[in-house]
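Undergrad: Protein chains in written order, with the working numbering: chain A, 1 to 221; chain B, 1 to 141.
It is worth saying that the hints were derived from the structure and are not from the lab. In this text, a Cβ means the ideal position worked out from N, Cα and C, and glycines have one as well. Don't take each hint at face value.
[Stated by the list, open to error] Distance condition first, Cα-Cα at most 30 Å in a straight line; then the derived DSBU-like pairs of lysine-lysine: (1) A:K10 <-> A:K22; (2) A:K89 <-> B:K101; (3) A:K109 <-> A:K87; (4) B:K17 <-> A:K109; (5) A:K109 <-> A:K89; (6) A:K87 <-> B:K101.
[Stated by the list, open to error] Pulled from the structure, derived: some chain A residues nowhere near chain B, Cβ distances all over 10 Å: (7) E128; (8) L136; (9) Q211.
[Unchecked claim] Pulled from the structure, derived: some chain A residues nowhere near chain B, Cβ distances all over 12 Å: (10) D32; (11) H45; (12) F108; (13) V187.
So the chains spell out like this:
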Amino acid sequence: MYVIIVGAGKVGLNLARELIDKGHEVTLLEADRRRYLLVEPELGHVVHYGDATELWVLERAGVQRTDLVITVTGDDEDNMLVCQVAKEKYECERVIARVNNPRNLQHFKLLGIQPVVSATDLILRLIEHEVPRYGLVHLLALEEERLEIIELEVQSGAPAAGLRVAEVKLPEGSLVISVLRDGRGFVPTPETVVEAGDQVLLVLDAGLEEQITPVFSHVGD
Amino acid sequence: MFVLIVGAGRVGSAVAKRALAAGHEVSVLDEDPLSHERLEDSDGQTWEDAGGLFTVGRALEVDSLLEAGVQRADVFIASTDGDNTNLTVAQIVQRRFSVDKVVCRVMDPGRAAWYAQQGLHTISPTRHAIEMFEQALGLDS
Numbered sequence: 001m002y003v004i005i006v007g008a009g010k011v012g013l014n015l016a017r018e019l020i021d022k023g024h025e026v027t028l029l030e031a032d033r034r035r036y037l038l039v040e041p042e043l044g045h046v047v048h049y050g051d052a053t054e055l056w057v058l059e060r061a062g063v064q065r066t067d068l069v070i071t072v073t074g075d076d077e078d079n080m081l082v083c084q085v086a087k088e089k090y091e092c093e094r095v096i097a098r099v100n101n102p103r104n105l106q107h108f109k110l111l112g113i114q115p116v117v118s119a120t121d122l123i124l125r126l127i128e129h130e131v132p133r134y135g136l137v138h139l140l141a142l143e144e145e146r147l148e149i150i151e152l153e154v155q156s157g158a159p160a161a162g163l164r165v166a167e168v169k170l171p172e173g174s175l176v177i178s179v180l181r182d183g184r185g186f187v188p189t190p191e192t193v194v195e196a197g198d199q200v201l202l203v204l205d206a207g208l209e210e211q212i213t214p215v216f217s218h219v220g221d
Numbered sequence: 001m002f003v004l005i006v007g008a009g010r011v012g013s014a015v016a017k018r019a020l021a022a023g024h025e026v027s028v029l030d031e032d033p034l035s036h037e038r039l040e041d042s043d044g045q046t047w048e049d050a051g052g053l054f055t056v057g058r059a060l061e062v063d064s065l066l067e068a069g070v071q072r073a074d075v076f077i078a079s080t081d082g083d084n085t086n087l088t089v090a091q092i093v094q095r096r097f098s099v100d101k102v103v104c105r106v107m108d109p110g111r112a113a114w115y116a117q118q119g120l121h122t123i124s125p126t127r128h129a130i131e132m133f134e135q136a137l138g139l140d141s
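Working from the sequences, and respecting the hints, build out all of it.
TA: Below, the structure written as structure tokens:
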């Protein structure tokens, strides 16, 4: 596979090393002269000096025949526009972009750039998973559909503990889709009794978490 | 018309003042509070006293665009000093806020031409300069 990586910072340089190790052909583009000179002794002709937002720099790197373009500069506009041009002008089928500021995520989506990788987002998701707030874990967010799937632990003494699924008072727009108990999961029926210690999976309209959490938490907490 | 101009440098501020004088409603967004001075008219009348709007903020922050009135803009002009910022914000405004007329300054003639083909109204000062020099040299015939 031929891969063009834009940005020879820590991420770009290490990506280049890994991909070369795996036997891929790589060109790394770096717009900063000093950074380029730092990387060049190791990578030689693999690294090119130039601003990848300029069309001729991309063309010189062989964008027309590339299988994949990865943009990992520290500048979101650059990452976005290089991917856009690679995809739409040079018909490169696969692009991957790094998002530095999570607030720019929406812009990448609007321009049709995906997949994207946001370190901040990844770390936040890890934190949420490792240190769940009220035992709540976001498993999946379908942003286009405005739906989320969350996982909650049923605390003893919670309003839902000991009730049948049909009796649990959930806000409209939410549904229990799975119960994990004693290491196995099953899809509940309205008759299934929710027990303290269960992990329940719910699908819900985005933004309903706050109404749902109290149902499965112990009120005195 | 409501005109929103992002980037109050020499070009942006001059266009803003002309548009205001022509009777349009004009809002200017720039990340540098000092750029406001460029909007004063020659008699020292402030931009606000002349009826203009000014917001300090970054072009790519949706909150700044909203504060500057992007939702009621009829015309959007991207004239910051960065091609990449201009191209990005112009496309966002065109696609997300459906502004009728979006005009974008792009120094790089290559990308100005390609984005123009994609339906973005681009203006390339570099392209114009090249043409003027060619004319001056008599190379345009």
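Undergrad: Hint by hint, note whether the structure agrees.
TA: Structure-based check of all given hints:
1. A:K10 <-> A:K22: Holds. A:K10 to A:K22 sits at ~18 Å (cutoff 30 Å).
2. A:K89 <-> B:K101: 23 Å, holds
3. A:K109 <-> A:K87: 14 Å, holds
4. B:K17 <-> A:K109: 35 Å, violated
5. A:K109 <-> A:K89: Measuring from Cα to Cα gives roughly 18 Å; hence the hint holds.
6. A:K87 <-> B:K101: OK: A:K87 and B:K101 at ~25 Å, within 30 Å.
7. E128: Correct as stated: the minimum Cβ-Cβ distance to chain B is 24 Å, above 10 Å.
8. L136: The assertion about A:L136 holds, with a minimum of 27 Å to chain B.
9. Q211: 27 Å, holds
10. D32: Nearest chain B Cβ is 15 Å from A:D32, so the label holds.
11. H45: 25 Å, holds
12. F108: The assertion about A:F108 is violated, with a minimum of 10 Å to chain B.
13. V187: It holds; A:V187 is separated from chain B by about 39 Å at its closest Cβ, greater than 12 Å.
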